[in-house]
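J.: Spelled out, the chains give:
There are 2 protein chains.
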Amino acid sequence: MARPMGSVRLKKTNPATLAVGVALCIFIIYFLIGPSTSDFSASRKATAAAHHLSPPTSPFRKPTGDKQKPPPVAHYNLNNVTTTPNPLENRENILLLTPMARFYQEYWDNILRLEYPHELITLGFILPRTKEGNDATRELQKRIALTQNQGPEKDRFKSIIILREDIDPPLTSQDEKERHKMENQKARRAAMAKARNSLLYSTLGPATSWILWLDADVVETPPTIIQDLASHDQAITVPNCFQRYWNEEKNEMDERPYDFNNWQDSPTALDLAKKMDPDDILLEGYAEMATFRTLMAYMSRENGRLHEEMPLDGVGGAALLVKADVHRDGAMFPPFAFYNLIETEGFAKMSKRLGWQPVGLPNYKVYHYNE
Amino acid sequence: MARPMGSVRLKKTNPATLAVGVALCIFIIYFLIGPSTSDFSASRKATAAAHHLSPPTSPFRKPTGDKQKPPPVAHYNLNNVTTTPNPLENRENILLLTPMARFYQEYWDNILRLEYPHELITLGFILPRTKEGNDATRELQKRIALTQNQGPEKDRFKSIIILREDIDPPLTSQDEKERHKMENQKARRAAMAKARNSLLYSTLGPATSWILWLDADVVETPPTIIQDLASHDQAITVPNCFQRYWNEEKNEMDERPYDFNNWQDSPTALDLAKKMDPDDILLEGYAEMATFRTLMAYMSRENGRLHEEMPLDGVGGAALLVKADVHRDGAMFPPFAFYNLIETEGFAKMSKRLGWQPVGLPNYKVYHYNE
Numbered sequence: 001m002a003r004p005m006g007s008v009r010l011k012k013t014n015p016a017t018l019a020v021g022v023a024l025c026i027f028i029i030y031f032l033i034g035p036s037t038s039d040f041s042a043s044r045k046a047t048a049a050a051h052h053l054s055p056p057t058s059p060f061r062k063p064t065g066d067k068q069k070p071p072p073v074a075h076y077n078l079n080n081v082t083t084t085p086n087p088l089e090n091r092e093n094i095l096l097l098t099p100m101a102r103f104y105q106e107y108w109d110n111i112l113r114l115e116y117p118h119e120l121i122t123l124g125f126i127l128p129r130t131k132e133g134n135d136a137t138r139e140l141q142k143r144i145a146l147t148q149n150q151g152p153e154k155d156r157f158k159s160i161i162i163l164r165e166d167i168d169p170p171l172t173s174q175d176e177k178e179r180h181k182m183e184n185q186k187a188r189r190a191a192m193a194k195a196r197n198s199l200l201y202s203t204l205g206p207a208t209s210w211i212l213w214l215d216a217d218v219v220e221t222p223p224t225i226i227q228d229l230a231s232h233d234q235a236i237t238v239p240n241c242f243q244r245y246w247n248e249e250k251n252e253m254d255e256r257p258y259d260f261n262n263w264q265d266s267p268t269a270l271d272l273a274k275k276m277d278p279d280d281i282l283l284e285g286y287a288e289m290a291t292f293r294t295l296m297a298y299m300s301r302e303n304g305r306l307h308e309e310m311p312l313d314g315v316g317g318a319a320l321l322v323k324a325d326v327h328r329d330g331a332m333f334p335p336f337a338f339y340n341l342i343e344t345e346g347f348a349k350m351s352k353r354l355g356w357q358p359v360g361l362p363n364y365k366v367y368h369y370n371e
Numbered sequence: 001m002a003r004p005m006g007s008v009r010l011k012k013t014n015p016a017t018l019a020v021g022v023a024l025c026i027f028i029i030y031f032l033i034g035p036s037t038s039d040f041s042a043s044r045k046a047t048a049a050a051h052h053l054s055p056p057t058s059p060f061r062k063p064t065g066d067k068q069k070p071p072p073v074a075h076y077n078l079n080n081v082t083t084t085p086n087p088l089e090n091r092e093n094i095l096l097l098t099p100m101a102r103f104y105q106e107y108w109d110n111i112l113r114l115e116y117p118h119e120l121i122t123l124g125f126i127l128p129r130t131k132e133g134n135d136a137t138r139e140l141q142k143r144i145a146l147t148q149n150q151g152p153e154k155d156r157f158k159s160i161i162i163l164r165e166d167i168d169p170p171l172t173s174q175d176e177k178e179r180h181k182m183e184n185q186k187a188r189r190a191a192m193a194k195a196r197n198s199l200l201y202s203t204l205g206p207a208t209s210w211i212l213w214l215d216a217d218v219v220e221t222p223p224t225i226i227q228d229l230a231s232h233d234q235a236i237t238v239p240n241c242f243q244r245y246w247n248e249e250k251n252e253m254d255e256r257p258y259d260f261n262n263w264q265d266s267p268t269a270l271d272l273a274k275k276m277d278p279d280d281i282l283l284e285g286y287a288e289m290a291t292f293r294t295l296m297a298y299m300s301r302e303n304g305r306l307h308e309e310m311p312l313d314g315v316g317g318a319a320l321l322v323k324a325d326v327h328r329d330g331a332m333f334p335p336f337a338f339y340n341l342i343e344t345e346g347f348a349k350m351s352k353r354l355g356w357q358p359v360g361l362p363n364y365k366v367y368h369y370n371e
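Note that the protein sequences, when read in sequence, are chains C and G.
Residue numbering for the first sequence follows this note's numbering, starting at 1 and increasing by one per position.
Residue numbering for the second sequence follows this note's numbering, starting at 1 and increasing by one per position.
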C-alpha cells in the first residue's frame, strides 16, 4: 500500500494548533446570553439548572448593608442529565470545544449551520495570548457579538466562553518546515494537549452530556453532525477528516484524506514502541518512522455505508464526539508520552485503558480548510 | 526500621471511600446561595464573574412570547484569576472537594471553622447512590441547610454542589478484612479515582485558583490550613495525616501516623515495579509487598519546624492542596495502573510527568476520624 501521508502531513498539518501553548494563567471572557434571572433566584422549587456550567443565580457575597436578608437556598436537581443516542429528544447539553489560533469565517459559518438546537450548545474556545491569538480573538468576538446580539434567535448559542492562555516561554514563530520537524512535534503536541485539557476541564460542567471537539480549521461538517455521531451511542465517535482541493489533472474540485491520526494499531508500531524510551513518542505520518498502522483516512469507500464503524486505537482532534463521562472518568489529552503516544492519540489510549473504545466512521466526512 | 503500617493500614483505612463507585450517571443537587441576580443580568459592563462555576446570569432559552427582546451579551473578564502564596489578599477562589460515603459531624464542624473567607469557598461532594450514600446525603443536606439558611453569614459558603453517583454493578458490602485484601484494593481504588475525577472535572471552573481535597473522615485541621498550605506556593502541598487515640499505656490521649500514601520512592519499590505486569499496582502498607519507601507518616519530628518541606513521589488523598493549573493541565487520578500506581499515588506520578513536584509537610498535621 502506498503511504504518501508523510509528505501530505508535512504540508497540511493544522496551523491553528501552532501557537497554543503552556497554561500559565487563564484569562476569561464570558459572553453570556440570557433574559433576566430573577425568576430563578426567587424560586425555591427543584428545577433543572439550565446552564451546564452554572447554577443561574449569583453566588453568596458578603452583604454590605444591615438589612439584607439571608440568601435563599436554591435546590437544583439535575437528574435528567442523560447521554443517549437521541440527544435531541432528551434535550442533552453539548459542549463544543475549539482550540483556536486563527479565525476562519468558514468555521463560524459552519457551526452557525448546526441543526442541533443552539440553545443546548455551549461554545468554549482557548486562544493563545500572542499577536496572532489576539487577532483571532478580536475576529471571534466580532462574530459572536453579531450572532448573539443581532442574528436570528435560533442562531444564538446558550453561552460562550473564551479562555486566553499565556505562553511561557513564548513559542517562537516557526516556518512550516521547521514546525513539522519530528523533534519539534513533541513539544508542540504537549502544549496543544495542555491547552485542550485546560479548555475541557475549565468548561465541563455537571450537566454536560456530550463534548464535540472541533478544530478551528474544520470548515465543513454535515449540519446534523451532533445527532449523527451521537446516534452511534459510542463513547468516542470520530468522523473522517478530508480536504477539498482543486484537482489540476481532472480540472475539477476534488477531495483527499487529511487527518492521519485516526488509526488502528499495527504489530510494527507496537514493536517500535517496545524499543523506544518511555519518554519518546510515536508519530504518524513520518517516512522515517513507518508504522504500517491502518489509517482511517484511507478506509473511506465511495459507495460505503455512511454509518459504517471501525474501532480505532488512535484518534485525531479535528472532529470528535465524546460522552462527557469519558472525560469525567479522567480521560484527558496526555501532554507526556503515554504508552509512547501523546495528545489526541494518547487520549484514545487512555480512554481504552478506562474501558471506552473509540470508534471511527470512515465514510462520514468533515472537511479541513485548504490554505 | 520497623514497618508496622501493614497492620495499622489494615485497620484504619478510610471507610468513607468504600462505597463510592463507578460513574454511570451523575445526579446533581445544587445548593445555591445568593441575593437576587438582577443586578448582573441588567449590567453589561465588564465585571469579574464571582462564581467560579458560573456566569451569574441564566442561559439563553428560546423565548416563548413574541415581545421578548434579544438577550444581552454580558462580558466577564476574569483576568484576576491568580494562584499565589497569598490567596487571601488576592481573593482567590477555593474549590473544596470531598468524596463522601459517611457523614461525620466533626468533618462539617471542622470546615465551618475554616478561617479562609467562606464566600470564596465552593464545596463539592460526591456520594454513592447506595443506602449508606443516601443516609450521608440526607445528613449533609440538613447541615448545609442550617449553615446556609440560618447560621451566621460568615459561615456560609459561596456555593455547594452535590453529585450523586450510580454504581453499576453495585459494590457489595464487604467486611473490613475482605475490603482490605490486596486483590480488592485495585478495583476499590479505581472506583475511588473515577469518583474523584468526576467530582473534580464537573466542578472545576475557569475562576478556580486552588483545589483543597479533604476526605470526609478528616475531622480536624488547623483553621488556617488553606492559607498555610498555599503559603508554600507549591503545585501540590500535602499535610501529614495523623489520628488521635486513647493510649492505654500512657493513660492519656495520644496520636499516631495514619496516612501511609505520602512517600518518597525507594530502589526496592522501583525494582518491584519493573518486575510487575504493567497492569499491576504497587500498594503501600502491605507486609507481603514491602517497598521500603520513605513514608512521610514517620518523618514528623516533635520539635520540627511546622513548615518543613519534603519532596514526595506518592501522595494520599486525606488532605491535599493543589493549584488549579495542575488539574487543568490534565493531572487526574488514574483509575488504571499508571507506572504501577493508582489513584492519588498515580496522581502524584502524573503530576511529576507534567512537571509539577508534590511537596509534603511532615510536621503540619491534620487528623483522621477514629472509629
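What the hints contain is simulated information worked out from the structure, not anything from laboratory work.
Any given hint might turn out to be false.
All copies of an identical chain are treated as equivalent in the list; a pair is satisfied when it fits inside any one copy or across any two copies.
Here are the simulated lysine-lysine pairs, DSS-like style, with alpha carbons at most 27 Å apart [claimed, not checked]:
| id | residue 1 | residue 2 |
| --- | --- | --- |
| 1 | Lys275 | Lys250 |
| 2 | Lys275 | Lys365 |
| 3 | Lys352 | Lys274 |
| 4 | Lys142 | Lys274 |
| 5 | Lys365 | Lys274 |
| 6 | Lys250 | Lys142 |
| 7 | Lys142 | Lys131 |
| 8 | Lys274 | Lys154 |
| 9 | Lys154 | Lys131 |
| 10 | Lys352 | Lys186 |
| 11 | Lys275 | Lys181 |
| 12 | Lys186 | Lys250 |
| 13 | Lys131 | Lys250 |
| 14 | Lys365 | Lys352 |
| 15 | Lys181 | Lys250 |
No experiment lies behind these values; they were computed from the predicted model shown.
J.: Are the hints correct? Go through all of them and say.
T.: Status of each hint after checking the structure:
1. Lys275 x Lys250: Neither way: Lys275 and Lys250 sit 44 Å apart in one copy and 59 Å across, limit 27 Å.
2. Lys275 x Lys365: Neither, since 35 Å and 45 Å both go past 27 Å.
3. Lys352 x Lys274: both (19 Å within a copy, 23 Å between copies)
4. Lys142 x Lys274: Neither: 49 Å inside a copy, 55 Å across copies.
5. Lys365 x Lys274: neither (34 Å within a copy, 44 Å between copies)
6. Lys250 x Lys142: Neither: 39 Å inside a chain and 73 Å across chains, both beyond 27 Å.
7. Lys142 x Lys131: Within one copy only: 17 Å inside, 52 Å across.
8. Lys274 x Lys154: For Lys274 and Lys154, the Cα distance exceeds 27 Å both inside one copy (52 Å) and across copies (58 Å).
9. Lys154 x Lys131: This pair counts as neither: shortest intra-copy Cα distance 33 Å, inter-copy 44 Å.
10. Lys352 x Lys186: both (22 Å within a copy, 17 Å between copies)
11. Lys275 x Lys181: Within one copy, since 21 Å is at most 27 Å while 36 Å is not.
12. Lys186 x Lys250: neither (38 Å within a copy, 59 Å between copies)
13. Lys131 x Lys250: This pair counts as neither: shortest intra-copy Cα distance 40 Å, inter-copy 69 Å.
14. Lys365 x Lys352: Answer is within: at 24 Å inside a copy they meet the 27 Å cutoff, but 39 Å across does not.
15. Lys181 x Lys250: neither (32 Å within a copy, 69 Å between copies)
Hint compliance for this structure: hints 1, 2, 4, 5, 6, 8, 9, 12, 13 and 15 are broken, all remaining hints hold.
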